[in-house]
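Peer 1: The residues making up each chain are set out below.
Number of protein chains: 2
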Amino acid sequence: MPGSGKSVVSRIISSILNAEVVSMGDVVREEAIRRGIPQDTVSMIKFAEELRRNYGKDVIAKMTLRHIKRRGLTGIVIIDGIRSLNEVKVFSDYGKVVIVAVHASPKTRYERLRSRGRKDDPRSWDEFKIRDDKELRFGIGNVIALADVMIVNEGKSLEDLRSEVEFKIKEAFSHVDNQDRSGS
Amino acid sequence: MPGSGKSVVSRIISSILNAEVVSMGDVVREEAIRRGIPQDTVSMIKFAEELRRNYGKDVIAKMTLRHIKRRGLTGIVIIDGIRSLNEVKVFSDYGKVVIVAVHASPKTRYERLRSRGRKDDPRSWDEFKIRDDKELRFGIGNVIALADVMIVNEGKSLEDLRSEVEFKIKEAFSHVDNQDRSGS
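Quick note, the sequences are listed as chains A and B, same order. Each number in my numbering corresponds to the 1-based position in the first sequence with 296 added. Each number in my numbering corresponds to the 1-based position in the second sequence with 296 added.
Everything labelled a hint here was simulated from the structure, so no lab data went into it. Accuracy of the hints is not assured; some may be wrong.
Repeated chains share a single entry, so a pair holds when one copy, or any two copies, can fit it.
Unchecked claim - Quick list of in silico lysine-lysine cross-link-like pairs, BS3-like style, CA-CA up to 30 angstroms:
no. : residue 1 : residue 2
1   : Lys358    : Lys403
2   : Lys415    : Lys466
3   : Lys425    : Lys415
4   : Lys466    : Lys425
5   : Lys452    : Lys464
6   : Lys464    : Lys415
7   : Lys342    : Lys415
8   : Lys365    : Lys464
9   : Lys392    : Lys425
10  : Lys466    : Lys452
11  : Lys425    : Lys342
12  : Lys403    : Lys365
13  : Lys385    : Lys353
14  : Lys392    : Lys403
15  : Lys464    : Lys342
16  : Lys385    : Lys342
Small disclaimer: the values here were computed from a predicted structure and weren't measured.
Just chain A, with the same shape it has in the complex:
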């Protein structure tokens, strides 16, 4: 969910597993550049919605998988930005998936986004709720409910967050060999 800190957690996992992060948002952004679409977040969200409406709920996952193959990435790959179980299926049809969810309470996420204050971040609780609803409509709640690893990022220091992630990821990957792939 927005403001949970999933990008920070992706980077931490990347450094722990020495694996690359592929951001589904970046894959959408690349496609937008190719089509000459402006790259502010509002246009990006609209473009991603359009893609999903026109080509199916899993189209961005499919684009991301093509991107991974094109770059010749093998071993563990961290995928940042999964939104639905339809997207999970695209990756799990290709390789082993470990779902890592990052949770923070709505209150914490709202305060975090407010203090980040990017141009597109919500300016009010109502705006925040509308953005949350949009994420939930994709089906992200189902992915969170079925997560293999749950990271709670509630007012922790970066150091404590890192320790928690390290402990849980090492535990989860003790069962998975290095040919497998991971989604976050």
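Position chain B relative to chain A; hints supplied.
Peer 2: Chain B only, in chain A's frame:
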């Protein structure tokens, strides 16, 4: 989700806050007894589905709220078994709600249900996935995504679980006065 350990966590919260647990499942069971419906879990799940189909997604929440009022419960009440944001709304229209989610990975939940081995617990991974899908269709993923407190119940001892719950609940309730209500 089934096997996450939400009933154990409800009981722990109950002892910490000295507040009563009202189980939405028990409210359904009571209604089933009134109507002479058998009380095995399969019949109970069917009956609950029928109630929701015939009287709306929030009917069991409304029945639970009536039950709470009838019993004259005031102050904090722990509600065990919320399945959707429609149900959350029934309670939040009545009082302040703190959503507590209990998470465990599918692998852990499956092993827990298998070792519990109640007559109605899943006998195979496929049966387990079907039951999970049913829960997700209610919209429980959205409730988990918007939880105010996330308890991770992944192979912890009861003592460690209790400490985590105690810490997080006390933190969450330091912002909430005693006239408010809580859902789990």
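Peer 1: Are the hints correct? Go through all of them and say.
Peer 2: Hints and how they fare:
In this assembly of identical chains, the alpha carbons of Lys358 and Lys403 lie at most 30 angstroms apart only when taken from different copies (26 angstroms versus 33 angstroms within one copy). With identical chains, the CA atoms of Lys415 and Lys466 are never at most 30 angstroms apart, being 36 angstroms at best within one copy and 35 angstroms at best between copies. In this assembly of identical chains, the alpha carbons of Lys425 and Lys415 lie at most 30 angstroms apart only when taken from the same copy (17 angstroms versus 41 angstroms across copies). Proximity of Lys466 to Lys425 under the C-alpha cut-off of 30 angstroms is restricted to the inter-copy arrangement: shortest distance 26 angstroms between copies versus 34 angstroms within a copy.
When the C-alpha separation of Lys452 and Lys464 is checked against a cutoff of 30 angstroms, the pair qualifies both within a copy, at 16 angstroms, and between copies, at 13 angstroms. Taking identical chains as interchangeable, the C-alpha atoms of Lys464 and Lys415 are never at most 30 angstroms apart, the minima being 34 angstroms within one chain and 33 angstroms between chains. Only within a single protomer do Lys342 and Lys415 lie at most 30 angstroms apart by alpha-carbon distance; the minimum there is 16 angstroms, versus 49 angstroms between protomers. Taking CA atoms no more than 30 angstroms apart as the test, Lys365 paired with Lys464 passes inside one copy only; the shortest distance there is 28 angstroms, against 43 angstroms between copies.
In this assembly of identical chains, Lys392 and Lys425 lie within 30 angstroms of each other by CA distance solely across copies; the values are 17 angstroms between and 34 angstroms within a copy. For the homomeric pair Lys466 and Lys452, the shortest alpha-carbon distances inside one copy (20 angstroms) and between copies (17 angstroms) are both at most 30 angstroms. With identical chains, the CA atoms of Lys425 and Lys342 are at most 30 angstroms apart within one copy only, with a shortest distance of 18 angstroms there and 33 angstroms across copies. Within a single copy, Lys403 and Lys365 get their C-alpha atoms only as close as 39 angstroms, which misses the 30 angstroms cut-off; across copies the closest is 29 angstroms, which meets it.
For the homomeric pair Lys385 and Lys353, the shortest alpha-carbon distances inside one copy (11 angstroms) and between copies (28 angstroms) are both at most 30 angstroms. In this assembly of identical chains, Lys392 and Lys403 lie within 30 angstroms of each other by CA distance solely across copies; the values are 14 angstroms between and 34 angstroms within a copy. Taking the shortest alpha-carbon separations for Lys464 and Lys342, neither the intra-copy value of 35 angstroms nor the inter-copy value of 37 angstroms comes in at or below 30 angstroms. In this assembly of identical chains, the alpha carbons of Lys385 and Lys342 lie at most 30 angstroms apart whether taken from the same copy (23 angstroms) or from different copies (29 angstroms).
Consistency with the previously given hints fails for numbers 2, 6, 15, ordered from lowest to highest.
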